[in-house]
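Using the hints, put the two standalone chains together into the complex.
If you read the sequences in order, they're chains A and B.
Counting in the working numbering, the first sequence runs from 5 upward without gaps.
Counting in the working numbering, the second sequence runs from 2 upward without gaps.
Keep in mind that the hints were calculated from the coordinates and are not lab data.
Glycine included, each C-beta is placed from N, C-alpha and C at the ideal position.
Be aware that one or more of the hints could be misleading.
[Claimed, not checked] If you want the ones that stay clear, here's a sample from chain A, every Cβ over 12 angstroms from chain B, calculated:
1. G56
2. N63
3. I154
4. L215
5. F226
6. Y253
7. L280
[Unchecked claim] With a straight-line Cα cutoff of 20 angstroms, these simulated EDC-like cross-link-like pairs (lysine to aspartate or glutamate) come out:
8. B:K111 to B:E126
9. B:K64 to A:E141
10. A:K107 to B:D63
11. A:K210 to B:E138
12. A:K210 to B:E84
13. B:K268 to B:D296
14. B:K323 to B:E230
15. A:K244 to A:E141
16. B:K187 to B:E205
17. B:K113 to A:D195
18. B:K117 to B:D76
19. B:K140 to B:E84
20. A:K210 to A:E141
21. B:K111 to A:E141
22. A:K107 to B:E253
23. B:K268 to B:E310
24. B:K111 to B:D86
25. B:K187 to B:E38
26. B:K111 to B:E138
27. B:K325 to B:D212
28. B:K111 to B:E84
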Amino acid sequence: MLNSLSNYFHKKQRLRLIALLTTPVLWLVVAYLGALAMLLVTAFFTINSFTGNVIQQFNLGNFQDMLTDVAYKNVFLRTLGIAISVTLICSVLAIPMAFYMAKITGPRSQKILVALVLTPLWASYLVKIYAWRTMLEPGNGVLDWLLGPIGIHSPGFGGPAIVIGLSYLWLPYMILPIYAGLERLPNNLLDASGDLGAHNFYTFRKIILPLIFPSLVAGSMFTFSLSLGDYITAQIIGGKLQMLGNVVYQNFSINLPFAATIAMIPVSIMALYLYLVRRTGALASM
Amino acid sequence: MSKVGGVSGTVIVSIKGLTRSFGDVHAVAGVTLDIYEGEFITLLGPSGSGKTTVLRMIAGFDKPDSGSIELGGEDVSQLPPFERDVNTVFQDYALFPHMNVISNIEYGLKVKGVAKQECSARALEALKQVRLEGYGERKPSQLSGGQRQRVALARALVNRPSVLLLDEPLGALDLKLREQMQIELKELQREVGITFIFVTHDQEEALTMSDRIAVFNNGRIEQLGTPREIYAHPVSAFVSEFVGQTNRISIEGMRINIRPEAITVSKSQTSGNRSLQGTLRDVIFVGSTTRYLVDTGRGTIISVVPVGELSLGDAVTVSWEKEKEFLVQ
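Same shape as in the complex, but just chain B (with noise of 0.2 angstroms):
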């Protein structure tokens, strides 16, 4: 038993010094990585970064060069997908064209030989789950993309896997149903109680759903964490400025980076230990908060905590604690 960032208890997934390489590309450079049973865990970084051949590793598309990945204590990094016990949601959703929304649910228990009354009444429930009752006789050519979404989720979460793995679930959805369908998965999974692995490179995702995120660069995990500490103490100038918006400054020879909400503008007060003497640039609102563009001797500034009246042009201070910051190499 341990506890890691609110999670706790037993290791379900254990990866060890994972490597693949594709030509000279090494995909995945070493990865080593503890999953707990139950978690909403995030593999969260850039196009590129390894975080989806680690995943269809763990599913078993795609077969490590060197490390392990073991399931439940054992070892499955060199049995074939259909040995394992994982269900995957794919980025596309993957679903049969020739098949109706039920035979698609029921397709992994047919599979398994599971009684077809069985079969029926669990297709049933899972598409009850998903919120999608009267729709098992469509095409999936019938359903909209977040129907669609709703039907690869169902047909993973039928067969109870004890790991799901979602690959950019959420990536084809327009804004609006992606907000959505965030909560909604995010319930889904605390009430099915799965461990859920997911996939993206949308930070904004990876912090609203996740219990922990393991931000991947180069082929490596470079930091893990809880969303909280991922945002307010990463450990390079990297995750800083992939996950959430952050100022760029150089300061007493040092580069230092800085969130725009650690940063008041004002045109006479100070608040806490630096500050920085500047034009109001621009003003720009995006609905929730207002970017305050502020030009100063070392680089455009942004602050989303402004002080008193405040008009284009103005000549402003910029502040904040020096403990906000974080020391970037």
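Bound conformation, chain A alone (with noise of 0.2 angstroms):
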């Protein structure tokens, strides 16, 4: 029975295909591109300022009250900024980490050590920003206790503590797939450069980081987005700091559409980044 439903299928190619992706698309299309399809329709209605109501109306005045409020242009930037220094940061730590994990370590410990980089991404978000909420306290936090004497000081809550929690968080989603780029790189392209008179850093800069810039954008796209679209962070450990994620989270139950004009901001920016990529070339070779 089984095995003529697989010969018919053999015969029907088809047919094959339409079994194999039917679920997948459909969820591709009614719960994925639907769903920003509404975010980008409603982004463009009103409601109604007694009832709260939205308004089914085609109408640009949200786009318009966040092109021109001073207040919003801040907290856009203002997140834009700390979703590039979060990058940056996790880049600059991955890279000498995922090159000892990959390149100067045993293969038990590189086990080891990827298993340790996974390990944070078992907790819960929650408990580890808290975690940091207890490090970070002004005056009596972990960090004011251990460094205090030697005169370095918690920054306190605001944007420098949630560009650190974020990098903390967003670390292991870096160093992954910098790792899987340095481990498909052949030593003998190491070993050709200090054969050819290369020191490290030269080697580094002509031949590693171009081979490896592919994982570096894939990295970046986890940081960078997911540091775009945050706000628990910030509720928690940002002070009065807002990101746009806030002013999503502060709109959505009073002025929906409005919530969704401004969550298109993170969308764009993403869509752009990744035009910008792709114009580098670097994709191709994914």
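The following block contains the structure:
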């Protein structure tokens, strides 16, 4: 019975393709693109300011508000700055770590290190951020207790705290793709560079960095987009600072269309980012 | 000044008492070797015999546990690769995949801060030397195996190192191309006059190209000499069996080795002072020669020198000169 079914499918190539792809395509179109389309459409709606009901009428008011109000521009620039800082910090931390894992240490500790990099992902996001709250607490936090005697103090809750927290949260997403990229990089390319007279830093700049660039891009997509959309970290360790996510969060019960408009910003930034990356040709080798 | 096997000159690489272990494995167990300026020397041996490890230590990719490597009179054994005046052609070429052919070749010159104009002039010249003019803009992925091989060669030679190290560079090529490259490499070496240290496990390749051969076994040099010396007077069973074809025979309580071309096979005639009776079991045509397999009371003997008409199943005599035998302990 099963056999004849598989025989049947073997003969009907098109049918086989349909059977294989129907579920994922449905998921992609309905749940994923559908939601995105709804977001886009809603962004052009407005609300009745008395009843709070959504008026389904095309209108550019939300965009006008967003683009003219200085407060939103500041939130936007701040969010962008935080996302860029987090991405840079994660890259700077991840490259040497991934290099050590992939090229220097033995196969046994390599496995252990990969497991260690992954462990934080098993813990709840909230637990980790509250842990950072305890660490960063000005005056009696862990950081002040530990480093206070040598004159270093916690930055307190605010922008730097958000950058530290997000860098900590997304670091594994940067390490893993770079580690995978370095694993694929043949050792003899490094040997060849040294053989031709290059010092280690020159080899890093001219050979390693260009060849792991696609991995770096892959990692930065995670760190950048996850930072752009985050609002919980800002709420817990951001002090009074707001990110774009917080504005969306505040608006979505009182002014859903405006929340959708704000939410379009990270989506557009990511689209622009992907477009720019694509133009560098880095994705061609992914 | 000294003269060894037709090569005379000054010692350029002097290796003394070199050892290197990986865990319990003694990859290199005491190698001493002088290499002369301008010679083509081959480190020949089966895999795991230590030849590649020696090469890697000359290049600086690996450091010896003990012993020294002198390059032009200076001990370089503890220096990093980028401070040694040697260049390497790697087994799988190790071309930089994100650079085109010209950038690959210019790499070593740019690192050393050679002026841009001279860089491109010398790179173009090197490209011409390996007969790849017009391929400068291609990426390594757009080249065939043989072409990549030539780029790797040009990339190393353009730096004019005092010694060029070649780690089984022809291993990945097909037979035809390999034979062609053997001749080209040898000609190129004569032309540029640079010392070549060539690692291979292919004895035919070693015999074809080398001024001298160092036969490696178990981390040591078993024999060092010209191809003729190695082939005609192997010092051990290992060398005679690894280099060239050989027959192993027990006679008068001794084990001897004898080359197929030293044995004649005939129905009536004997030539030489040793002979065995047998039956012609098979005749194998291999192009340049024909091998005659004869079953004797002392095992199968291969000969490539037939006398008179022979057909399968004939009762034949194999014979040879005693002086052509190598005694094996």
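Which earlier hints turn out false for this structure, listed by number in ascending order? 4, 9, 18, 19, 20, 21, 22 and 27
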